[in-house]
Amino acid sequence: MELITSWLGNVPDFAVPYALAALGLILTERAGVLALGAEGLLLAGALASIGMQLALGVTGLSLLAGMAAAALVSVLFAVMVIILRINQVIAGLTLVFFCQGLTSLLGTLLEWTNQPIQGLPALALWPLSELPLIGRLFNQNLMVYLTAPIFFAVVWYLQRSTSGLRLRAVGENPQAADAAGIPVIAYRFAAVMAGAALVGLAGAYIAVLSTKMWIADMSGGRGWIAVALVIFARWSPWKALVGALLFGCIEALIPQLAAAGIRLPQYFVLMTPYAVTLGVMIWVALSGRGQNDQPGALGEPYVREERR
Amino acid sequence: MPDIAPTAAPRQPLASRRYTLEIRQQMAWHWQALILALALLVGLGISTAILVAAGVPAGELLNEFVLLTLFDLQSLKAVLFQAAPIIMVGLAGCIAFRARFWNLGLEGQMIWGGIAATAISLFEVGPEALRLPLMGLAAALAGLAWALAPVLLKLNLRVNEIISTLMLNYIAANFLLHLVYGAWKDPRDAFPYSPQYRPFERIPEFFDGYSLAIPLALLAALLAWWFVSLCRAGLYLRFVDANLRVATANGVPVRQVIITSVLLSGSLAGLAGWLVAAGQESRLTQAFYQGYGFSGILIAFLARNNPLAATIVALLVATLFVAGRNLQVFYQIPFSMVQLIQALIVICVASSDFFIRHRIRRTLGRDA
Numbered sequence: 001m002e003l004i005t006s007w008l009g010n011v012p013d014f015a016v017p018y019a020l021a022a023l024g025l026i027l028t029e030r031a032g033v034l035a036l037g038a039e040g041l042l043l044a045g046a047l048a049s050i051g052m053q054l055a056l057g058v059t060g061l062s063l064l065a066g067m068a069a070a071a072l073v074s075v076l077f078a079v080m081v082i083i084l085r086i087n088q089v090i091a092g093l094t095l096v097f098f099c100q101g102l103t104s105l106l107g108t109l110l111e112w113t114n115q116p117i118q119g120l121p122a123l124a125l126w127p128l129s130e131l132p133l134i135g136r137l138f139n140q141n142l143m144v145y146l147t148a149p150i151f152f153a154v155v156w157y158l159q160r161s162t163s164g165l166r167l168r169a170v171g172e173n174p175q176a177a178d179a180a181g182i183p184v185i186a187y188r189f190a191a192v193m194a195g196a197a198l199v200g201l202a203g204a205y206i207a208v209l210s211t212k213m214w215i216a217d218m219s220g221g222r223g224w225i226a227v228a229l230v231i232f233a234r235w236s237p238w239k240a241l242v243g244a245l246l247f248g249c250i251e252a253l254i255p256q257l258a259a260a261g262i263r264l265p266q267y268f269v270l271m272t273p274y275a276v277t278l279g280v281m282i283w284v285a286l287s288g289r290g291q292n293d294q295p296g297a298l299g300e301p302y303v304r305e306e307r308r
Numbered sequence: 001m002p003d004i005a006p007t008a009a010p011r012q013p014l015a016s017r018r019y020t021l022e023i024r025q026q027m028a029w030h031w032q033a034l035i036l037a038l039a040l041l042v043g044l045g046i047s048t049a050i051l052v053a054a055g056v057p058a059g060e061l062l063n064e065f066v067l068l069t070l071f072d073l074q075s076l077k078a079v080l081f082q083a084a085p086i087i088m089v090g091l092a093g094c095i096a097f098r099a100r101f102w103n104l105g106l107e108g109q110m111i112w113g114g115i116a117a118t119a120i121s122l123f124e125v126g127p128e129a130l131r132l133p134l135m136g137l138a139a140a141l142a143g144l145a146w147a148l149a150p151v152l153l154k155l156n157l158r159v160n161e162i163i164s165t166l167m168l169n170y171i172a173a174n175f176l177l178h179l180v181y182g183a184w185k186d187p188r189d190a191f192p193y194s195p196q197y198r199p200f201e202r203i204p205e206f207f208d209g210y211s212l213a214i215p216l217a218l219l220a221a222l223l224a225w226w227f228v229s230l231c232r233a234g235l236y237l238r239f240v241d242a243n244l245r246v247a248t249a250n251g252v253p254v255r256q257v258i259i260t261s262v263l264l265s266g267s268l269a270g271l272a273g274w275l276v277a278a279g280q281e282s283r284l285t286q287a288f289y290q291g292y293g294f295s296g297i298l299i300a301f302l303a304r305n306n307p308l309a310a311t312i313v314a315l316l317v318a319t320l321f322v323a324g325r326n327l328q329v330f331y332q333i334p335f336s337m338v339q340l341i342q343a344l345i346v347i348c349v350a351s352s353d354f355f356i357r358h359r360i361r362r363t364l365g366r367d368a
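These protein sequence lines are chains G and S, in that order.
Heads up: the first sequence is residues 1 to 308, going by the working numbering.
Heads up: the second sequence is residues 1 to 368, going by the working numbering.
Be aware that a few hints might be false.
What the hints assert, rightly or not - With a cut-off of at most 20 Å between alpha-carbon atoms, the simulated SDA-like pairs for lysine to any residue come out as follows:
#: 1; chain 1: S; residue 1: Lys185; chain 2: G; residue 2: Asp178
#: 2; chain 1: G; residue 1: Lys239; chain 2: G; residue 2: Asp13
#: 3; chain 1: G; residue 1: Lys212; chain 2: G; residue 2: Gly248
#: 4; chain 1: S; residue 1: Lys185; chain 2: S; residue 2: Ala233
#: 5; chain 1: S; residue 1: Lys185; chain 2: G; residue 2: Phe268
#: 6; chain 1: G; residue 1: Lys239; chain 2: S; residue 2: Asn160
#: 7; chain 1: S; residue 1: Lys185; chain 2: G; residue 2: Pro265
#: 8; chain 1: G; residue 1: Lys239; chain 2: G; residue 2: Gln115
#: 9; chain 1: G; residue 1: Lys239; chain 2: G; residue 2: Val284
#: 10; chain 1: S; residue 1: Lys185; chain 2: G; residue 2: Lys239
Stated by the list, open to error - Pulled from the structure, derived: some chain G residues nowhere near chain S, Cβ distances all over 10 Å:
#: 11; residue: Val75
#: 12; residue: Asn87
#: 13; residue: Ala216
What the hints assert, rightly or not - Just so you have them, the derived chain S footprint on chain G, three or more residues with Cβ under 8 Å:
#: 14; stretch: 94–105
#: 15; stretch: 158–168
#: 16; stretch: 226–240
#: 17; stretch: 279–287
To be clear, the hints were calculated from the coordinates, so they are not data collected in a lab.
If you're wondering where the values come from, they're calculated on a predicted model, not measured in any experiment.
In this text, a Cβ means the ideal position worked out from N, Cα and C, and glycines have one as well.
Please construct the entire structure, taking both the sequences and the accompanying hints into account.
Okay, structure coming up:
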């Protein structure tokens, strides 16, 4: 019983980064840009937020710094794929490697590695926090609660606003969107940067609120799992949220098992998120869904031959 | 619009100068070479600036990188020694990418190569004289096996191979940790690695300080070149790369061709694992594979999937690896610098492609 309570209480801590990162990726990919760089952007967000936290200690500013850093790095990616029309897979991979190299270099040179920091205190949402069994779900830091409005805002933007409609049009059929007078390049640029800011926020969450220190390569494949999440959520934010909760549950279970004294081979347990990702991808493929809801122009650079 | 009377002041053109982009059909090879060289220079320039900012004295860089690494016999040996596994992963990248398969699982396949080679050593399979080739064979088969699932999943179920190969990397890496921290840990030591290989299980020198791994890697490069440019499968592969649909329509055995090349790629990566484990470390260590998968992908990209070009690029990357280790020892620059420099160079070279494929033309007025 105690096990389930504390397990459920830890789920949001692991689910929030997945949810934010997947949301950011959906925003970018809905505009037709294949976003494989999430793993790198998570690291950029994580390092910048830790730096800010060590410098000023204001958590809100640290999270913003993480967002800004990821958005800044993504400008490089946006120039590569939108203006220079480099293959989006190569550009995304290079972005990951670039960020891995840069963050681990900076983290070491600036001596930010392994410096513990203060996170945010938990806020109890009374009376929900007094509920039996699930009470601890409502005893989280502020950022967990803020994730809900961010999620609603982005979903509203994508599905209800005119601008969101235009963004989706750019992702489905850039030629038609261009003919309708939508600035394709500008929309894609904005979508890449805004998406990156959300991924950076996820990275900042991992660093400042969850791990509470900087370790080189601390994202540990979460960015890739988020990319996979978007694929099996079929570019739908709500399904991605469900997926994020699923992965949150799995990751939160790992430390609980050890604490409960259940002895399992440690490294096999650490494999589970990756194995589950693979399993879910196969399951989605077997059930014959998946590819159809992909944005029509995903991964294709937009070339208007004659620019006037 | 001719029948509307002109207003008092003549209308200004919206913009007097415009830039237009055109697709360039062809570009003379010397211009291409010049652009490529400029891109490399820019990449190296940025890298130099970062190194100087990181605290390496600018005057020492030339010394450290160029003179000490290439014109010193001892370092040259080190570079060639380092190059062998890098050539292997580069070739592995080339062959998979030719089949339009993003094999990002090079590291996972390398890990399994190392594990399989170590298993042969630990369980003393086969006579002593055959032990080393057996280890190599096991490594190649293990790498091949680890590449089998992603390619079948992609062809049969359209599972994205980028994600599946990466996930398999993490699974392989955790399994490696399970072994070196657990059952395979060297009982004589506190460190997480397997017992040392016996002398006959290590890759010998073939000539005064030059490891046999070097000719082996060059041989692999020749075979890979033969595979992609001379044999029938290579011709099919070019067909698949150029246009999958037309290839299918013309009766090219697309499936078999893709599976063959991906499996070949996996076994080359497995062999790279064997070269590192049996040639450099003489044991299975917890991080022997790190950095190779990334380099393999970049080499294949920079070499445009040409095995012979990949060999040359791999030599340059090996130089970078050796110089990176020197920088780490003498200036405490983290080894991730090497990764950063590689990424920067790829960004610059990839960007330069834009100027090869497009022409920017300035046009005057609105109707130019």
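Hints versus structure:
| no. | hint | in the structure |
| --- | --- | --- |
| 1 | Lys185/S - Asp178/G | violated, 61 Å |
| 2 | Lys239/G - Asp13/G | holds, 19 Å |
| 3 | Lys212/G - Gly248/G | holds, 18 Å |
| 4 | Lys185/S - Ala233/S | violated, 43 Å |
| 5 | Lys185/S - Phe268/G | holds, 17 Å |
| 6 | Lys239/G - Asn160/S | holds, 19 Å |
| 7 | Lys185/S - Pro265/G | holds, 15 Å |
| 8 | Lys239/G - Gln115/G | violated, 36 Å |
| 9 | Lys239/G - Val284/G | holds, 13 Å |
| 10 | Lys185/S - Lys239/G | violated, 43 Å |
| 11 | Val75 | holds, 13 Å |
| 12 | Asn87 | violated, 8 Å |
| 13 | Ala216 | violated, 7 Å |
| 14 | 94–105 | holds (count 8) |
| 15 | 158–168 | violated (count 0) |
| 16 | 226–240 | holds (count 3) |
| 17 | 279–287 | holds (count 4) |
Going through the hint list in order, the structure does not satisfy hints 1, 4, 8, 10, 12, 13 and 15.
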